[in-house]
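Residue numbers (my numbering), protein chains in the order written: chain A, 1 to 132; chain B, 133 to 711.
Errors might be hidden in some of the hints.
[Said to hold, decoys possible] List of simulated lysine-lysine pairs, DSSO-like, C-alpha gap at most 27 Å: (1) B:174 to B:645; (2) B:440 to A:58; (3) B:645 to B:577; (4) B:433 to B:577; (5) B:440 to A:3; (6) B:646 to B:577.
Bear in mind the hints are in silico, worked out from the structure with no lab data behind them.
So you can see what is in the structure, the chains are spelled out below.
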Amino acid sequence: MLKQESIILLLLGLFFGLMGAVYWGWGHEDGGGIMLLGAFLLGMLPGFYYFWWYRRTKGNRPEDRADATIAEGAGVVDSFPSTSIWPFVLGMGCFCAVLALTFGIWFGVPALALFVAAFVGATAESRRGGDV
Amino acid sequence: MTDLIDRPTTDIAADPGAPHHDDHDHAHDGDHGHHGPSGLLKWMTSTDHKVIGINYIVTSVIMLVIGGSFAEVIRAQLVSPTSTLVSFSQYNELFTMHGSVMIYLFAGPFAFAGLANYLVPLQVGAPDMAFPRLNALSYWLYLSGSITMLLGFFVAGGAANFGWVGYAPLSNAVNSPGAGADLWIGALMLTGFSAIFSGVNLVATIFYLRAPGMTLFRMPIFTWNMLVTGILILLAFPVLTAGLVMLYCDRHFGTHIFTVQGGGVPLLWQHIFWFWGHPEVYILALPFFGMITEIVPVFSKKPIFGYKGMVFATLTIAALSLGVWAHHMFTTGAVLLPFFSIMSLLIAVPTGIKIFNWIGTMWGGQLVFSTAMLFSIGFIITFLIGGLTGIYLASPPLDFFAHDTYFVVAHFHSVVMALVLGGMAGLYFWIPKITGYMLHEGIGKAQFWFMFVGTQVFTLPMYLVGLHGMPRRMAVYPNNPSWQTLNIWESVGALLIGLGTLLFVVNVIVSWKKPIVAGDNPWDASGLEWFTSSPPPHHNFVSLPPIRSERPTWDYNHPDAPALGHGHAPAAATEKVDA
Numbered sequence: 001m002l003k004q005e006s007i008i009l010l011l012l013g014l015f016f017g018l019m020g021a022v023y024w025g026w027g028h029e030d031g032g033g034i035m036l037l038g039a040f041l042l043g044m045l046p047g048f049y050y051f052w053w054y055r056r057t058k059g060n061r062p063e064d065r066a067d068a069t070i071a072e073g074a075g076v077v078d079s080f081p082s083t084s085i086w087p088f089v090l091g092m093g094c095f096c097a098v099l100a101l102t103f104g105i106w107f108g109v110p111a112l113a114l115f116v117a118a119f120v121g122a123t124a125e126s127r128r129g130g131d132v
Numbered sequence: 133m134t135d136l137i138d139r140p141t142t143d144i145a146a147d148p149g150a151p152h153h154d155d156h157d158h159a160h161d162g163d164h165g166h167h168g169p170s171g172l173l174k175w176m177t178s179t180d181h182k183v184i185g186i187n188y189i190v191t192s193v194i195m196l197v198i199g200g201s202f203a204e205v206i207r208a209q210l211v212s213p214t215s216t217l218v219s220f221s222q223y224n225e226l227f228t229m230h231g232s233v234m235i236y237l238f239a240g241p242f243a244f245a246g247l248a249n250y251l252v253p254l255q256v257g258a259p260d261m262a263f264p265r266l267n268a269l270s271y272w273l274y275l276s277g278s279i280t281m282l283l284g285f286f287v288a289g290g291a292a293n294f295g296w297v298g299y300a301p302l303s304n305a306v307n308s309p310g311a312g313a314d315l316w317i318g319a320l321m322l323t324g325f326s327a328i329f330s331g332v333n334l335v336a337t338i339f340y341l342r343a344p345g346m347t348l349f350r351m352p353i354f355t356w357n358m359l360v361t362g363i364l365i366l367l368a369f370p371v372l373t374a375g376l377v378m379l380y381c382d383r384h385f386g387t388h389i390f391t392v393q394g395g396g397v398p399l400l401w402q403h404i405f406w407f408w409g410h411p412e413v414y415i416l417a418l419p420f421f422g423m424i425t426e427i428v429p430v431f432s433k434k435p436i437f438g439y440k441g442m443v444f445a446t447l448t449i450a451a452l453s454l455g456v457w458a459h460h461m462f463t464t465g466a467v468l469l470p471f472f473s474i475m476s477l478l479i480a481v482p483t484g485i486k487i488f489n490w491i492g493t494m495w496g497g498q499l500v501f502s503t504a505m506l507f508s509i510g511f512i513i514t515f516l517i518g519g520l521t522g523i524y525l526a527s528p529p530l531d532f533f534a535h536d537t538y539f540v541v542a543h544f545h546s547v548v549m550a551l552v553l554g555g556m557a558g559l560y561f562w563i564p565k566i567t568g569y570m571l572h573e574g575i576g577k578a579q580f581w582f583m584f585v586g587t588q589v590f591t592l593p594m595y596l597v598g599l600h601g602m603p604r605r606m607a608v609y610p611n612n613p614s615w616q617t618l619n620i621w622e623s624v625g626a627l628l629i630g631l632g633t634l635l636f637v638v639n640v641i642v643s644w645k646k647p648i649v650a651g652d653n654p655w656d657a658s659g660l661e662w663f664t665s666s667p668p669p670h671h672n673f674v675s676l677p678p679i680r681s682e683r684p685t686w687d688y689n690h691p692d693a694p695a696l697g698h699g700h701a702p703a704a705a706t707e708k709v710d711a
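The shape of chain B in the complex, shown without the other chains (with noise of 0.2 Å):
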């Protein structure tokens, strides 16, 4: 079936015949005449971008639940210095694929292809993607590559066990023989193919796709991190996508690549893996900065403080990221220390710009603490204890006491849970104009505290393990009393965020059985994804506000507030009255 893919002919205040705002939700009746297949043949054939983009969250978010349950058992095993729950080789499996699960499968995906892919083309108010079938293809890779991850299960020999990282030569046909290492490149490859498509869109939407009035200093804050991660995604992930066919050659064909015996450098794995390795870690945290960035300012009822200092930051954090991947690689002794030290501390200040902006935007506003505020607050606390302990890491010096310890594992998951934290914000900021009914703000407190308080219960012992000098990715550990009860905290922790991740569910099935109806703009929030109905009709607008600012739904919504206009042009309001 095809469409035709048009723009609104005017917009609501350049046309007296339009229907007042009030009654602009053209909307709940759904899709303005398109009559597609439905069922299982839709959600096959579909190259909406709502569609694609609700696949990519519902696919992600139960790969959130899978590698959650991985992490449920590792903690379990780690309840006692010697349990005997897994088998030494099932707990490298578990934790390989743990973090696979997370980084590859969820975290990504979820952000700059389900959130992303539903909400920038609305953001910046286009009719869908610019490329809707690459779409569709992205998607698809996406959940084949999963599916072929976790297939690994189900062979000879088991999942890859090498860790999340696959480290040559541990990850070679000799260290790491079987289906399962194989199924783990294939499933990378997939999925990296489908980012490097999402990139690609991401970067061609935002570059032709916005409105009329739509400049690039008006664009949403999750649209400009959007776009820098766009171009992140497409700097990087073709480096990793070399970089395992390079290894399934060294496993196959008989090169040697990462081998010495052939004449290959193994620290070259290193190198190429952590080249996609430590951007990716900002094509992860860049979208859930955007989402917050959205978040806050609509719950303390002001503008974003620093709107061209957060857009700055965020390109600032882009150009350095690409110059820090040899800080994993210190205790190798083959790198320059002085480089990536330097780099990886300045990178710090970009960071920091976005905590204050957000500290900022608080500042003096009338805060409403909403599910979604509270998440985005437990995101910002979160963030800094990743961030700061970040610090210590990038000096080579303390490098070297706590590489391979506990304190890099906490470090990191203070980074990854902070963005699941962002991302359940992400949600219950966007589900209602995503599904037009509100989830239930109660149980999403509960969830919050729950989550919470369960991460930095998780986390902050684990901080302290590590500093007594417990090794990473081992299934058991001496029988050391203080180290066993930090294990048994950190298990509780882990627990305490497994029972808000179940609170999650509950929470969609409660709304699902209660259904609350969310209206357009239920937030009272700026961007033009909530001028349109919830859900969005096919191809997204009917009518679109004059952009005049980066707040055009709230301009439009509120004549009478002050002008937000940079100096760049009169205020919404005056072209209302005129039109």
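In isolation and in its complexed conformation, chain A is listed as follows (with noise of 0.2 Å):
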């Protein structure tokens, strides 16, 4: 489970953590340095939690194996909102927060109006849960 994908991550946080130690030991800018040391690690603890994940677990899941049938995989995966007016709303509530860094404070107002709309209704929509 997951054992591919852990170690696609793992060789490129490697590659980033060999890279970032060149460029830092050869050229001593920090930046750079700092911003290759954030891509190794970025690489590395998704990499590393899926590995563990795939070490504790050792199964296969059906996307995983080569023969699996489409029957081994069938059934409900999860209740999702199909329809929800709640990310336009969050999405508004980021437009005006925006607009609030340029044009002044006073739109923070419907911001934070619409954010706490946004959290609450979709809270509560999760809550709701779907027909399982």
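With the hints as a guide, bring both chains together as one complex.
Written out as structure tokens, the structure reads:
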């Protein structure tokens, strides 16, 4: 489970780490060195998590097995909203927040109202759940 | 409204009672009992990846037209060395907004959020993206970011005018006062978060929602490229967003992160910007590489040549792309020239592998020169020109000579125009799946020739005038007859590209007025998206074929064709007989 996925992330992370070490050791430029360190960590953290998960479960998901049949993965994946107004509301809240950065803090009032409405609405929508 | 997201219960081959493929178009009847809102409310509330994908595609094509119209004004200004069509200030705003709209609002969102949103779940056999509401939020952030950026034209002082790269200290409050610059920064924050959310969704969908049997090395190359693009987005975009916050703080909160006066380092902005900016080139290019890799085999009537080579080339490009950022900064005299030169030259190797693999796929094939194939070939040629001239610029001595001349402008316009051609290939290939109707091939081919010839007429004189020393970002230039002649040719090329884009709009209208039904798989293509109806039903699939190679639909439709298993498993045809 997720073995190949973890290997891809770990290899990318290792490469960024190696590249960062060579870069910083050669040029002593801090900005680029720190950004490459960040890239190294962004590869290693999820990579190790997935690898740990793979070692813990040992099982192969149907999507990881070449001989799996469609029937093995059949059934409910989860319950999601097929329509929801809350992403739109949250997006408009972000829009107002950015306008507040330019035109004045008063734009923050509708932004805050939209954020609160979106978080409450989306949470209630999730708690209500689907017809599982 | 809440829905169960589920996968098909049976595969079509395993269920003797399932309808035959010819009848499985469960299809044009649409939704399978899904009754949601319609009209404007559907647009505002849908979390279906297909609706969101179409929203992205339409919005980004509108941005292409807006950004393209800015380019036409720029080219009209440069027809004469002393033109007064626009003022110097307006010219600065135009080239800034042209670059910003094209890079931030068209090329990326069209590919990694538009077509990817629509296609990736279909290609991996998933019912939707992993996080549908986050996906919808991503679109609203993109749309509001686009509006925010264009609002700059309507505020006092005009839009941002410091170039699409926003170099500090030119972009600080002293040198670029006014709301236009702040709107530009805010717009990039919104679109940046939008991209990050798209990246999260792409990676999660590909890691967790693949259909049984769809192993990583059976995924279509487009999906592979979108996985790598998603990872690159997650590595690169947060850096830009952090830089934008710092820039905003410098402008308004008295910090001196990028100003020398307070002990800051102006060059740090360039490091931050290009640490995002060069991976961004591949974030833009990889989806289009993926599209071409899907299209060329279909119209060569052959499987892709070197599937695994393509995958490893994509991963290598991603790995190297984070180590080349400062080749944009060679002339600052403050970067490690050999390191960035070597890394930049190395990246030509995996890119070359892709070019050879596309040629290898066509080699000996039964080529069909459809509009999508013509655009794909146009992409390969134009990208090759852009890529090869990029190799010159990776060499510091040559870059010192050409930096900030039109040679650099020509190089990246070859690259991005290749992406526009590739995008058109993708639209002609997948619009039949998205809408259920074909685009007109005759108009499409005319469009191709306008855009392909226009691109070369536009860029090739630009290389020459750059080598003659003409600097970029100048509203007027010395009255040199050879420069003016070359500039006139560039403007003619830009006009041809504009006419070609107009032909696309004409084609959409003509195809809408005189619809030709596409059917489920008009190209006899091989990916899973071609197994379902056109357009696909809600949650995408009623049934799925067995997945025994990277070409499951082809395997199902051509049970007698030689298997393509790479030694993994028996051919699908065998299983079908057994079932």
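Sort out whether residue 3 (chain A) lies within 27 Å of residue 440 (chain B), counting only the CA atoms. Holds, at about 18 Å.
Proposed proximity, residue 58 (chain A) with residue 440 (chain B) (alpha carbon, max 27 Å): 26 Å, holds
Would you check the hint for residue 433 (chain B) and residue 577 (chain B), treating anything up to 27 Å between C-alpha atoms as holding? Satisfied, since the Cα-Cα distance of roughly 20 Å is no more than 27 Å.
Holds or violated: residue 645 (chain B) with residue 577 (chain B), Cα cutoff 27 Å? 19 Å, holds
Quick one, are residue 174 (chain B) and residue 645 (chain B) close enough, alpha carbons at most 27 Å? Answer holds: residue 174 (chain B) to residue 645 (chain B) is near 24 Å, not above 27 Å.
Can the restraint linking residue 646 (chain B) and residue 577 (chain B) be considered satisfied, given a maximum Cα separation of 27 Å? At roughly 18 Å apart (the allowed maximum being 27 Å), residue 577 (chain B) and residue 646 (chain B) satisfy the hint.
Consistency note: the structure conflicts with none of the earlier hints.
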